[in-house]
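Trainee: Sequence:
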Amino acid sequence: MTDVDSPPLRLARIVRAAEAEAWQDGYRFLEQAQRDAERYRDDTRRTSEEARRTALEDGRRAGIEAAVRLLEETGAAVVTTLATLEQDLVLLAVDLAEQVLGRFDDRDTVLRAAAQALAQLRTGDDVVLHTAPRHLEALRRHLQEQLAELPTGSVAVAADALAGPRDCTLATRRGILDLRIEAQLAALRTGIRRWYREEARP
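Numbering (full-length UniProt numbering), first residue to last: 1 to 202.
Because the hints were derived from the structure by calculation, they are not lab data.
Heads up, the beta-carbon is just placed ideally off N, CA and C, and yes, glycines get one too.
Among the clues, some could well be false.
Label pairs and their computed distance ranges (CB to CB) [said to hold, decoys possible]:
| id | residue 1 | residue 2 | range |
| --- | --- | --- | --- |
| 1 | 195 | 172 | 20 to 28 angstroms |
| 2 | 108 | 154 | 24 to 32 angstroms |
| 3 | 197 | 144 | 39 to 47 angstroms |
| 4 | 198 | 141 | 39 to 47 angstroms |
| 5 | 138 | 177 | 38 to 46 angstroms |
| 6 | 126 | 190 | 25 to 33 angstroms |
| 7 | 133 | 176 | 12 to 20 angstroms |
| 8 | 112 | 197 | 26 to 34 angstroms |
| 9 | 195 | 144 | 36 to 44 angstroms |
| 10 | 189 | 160 | 19 to 27 angstroms |
| 11 | 177 | 134 | 17 to 25 angstroms |
Could you build the full structure based on these sequences and the hints that come with them?
Mentor: Structural data, given as structure tokens:
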């Protein structure tokens, strides 16, 4: 083979040392940038996942707390409603009792109230029953046997000119008790309402 037939020689580009170092620095910078970008993506992904888990946990906790509050409020409302209904039923029973007792004759009502009060009296105090003049003799006769059996010091029945047809009071040194059915039922209503208010307190 002659020199004429030989393929032409390809001349390689001669890279200077400074230029080669610049290329190497560029590749290293590119590789470092790629690694930094990958690390940034990983960090971002982890942060996003942690934030999502935290948000889910916070949401779940908030949901549970809201549900507990709702149950507590609902339970309290139910208890309050039941207590109110129960109170209303008790007061209704008192109202019905008052209507039934209100049908009694005035004198009969006074006699029953006085007899019941003396039956429950267990003190040794002097007692005075005050009633309307129209009921005085009937009350004395009605209580005659009962007065003889009572362990009290002295029981007297007196007329009160200012007393109404259904009025009757029991006086001792400890105080005066209104024996009217209406007064007793009013006191009962007050006691019922006070009891339910105290029970409703947390």
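Trainee: Next step is simple, just say for each hint if it's right about the structure.
Mentor: Quick rundown of the hints versus the structure:
1. 195 / 172: 20 to 28 angstroms: 27 angstroms, holds
2. 108 / 154: 24 to 32 angstroms: With a Cβ separation near 26 angstroms, residue 108 and residue 154 satisfy 24 to 32 angstroms, so the hint holds.
3. 197 / 144: 39 to 47 angstroms: 44 angstroms, holds
4. 198 / 141: 39 to 47 angstroms: 44 angstroms, holds
5. 138 / 177: 38 to 46 angstroms: With Cβ atoms ~20 angstroms apart, the hint is violated.
6. 126 / 190: 25 to 33 angstroms: 29 angstroms, holds
7. 133 / 176: 12 to 20 angstroms: Given about 19 angstroms between the Cβ atoms, the range holds.
8. 112 / 197: 26 to 34 angstroms: Because 31 angstroms falls inside the window, the suggested range holds.
9. 195 / 144: 36 to 44 angstroms: 38 angstroms, holds
10. 189 / 160: 19 to 27 angstroms: Distance hint for residue 189, residue 160 holds at roughly 26 angstroms.
11. 177 / 134: 17 to 25 angstroms: 21 angstroms, holds
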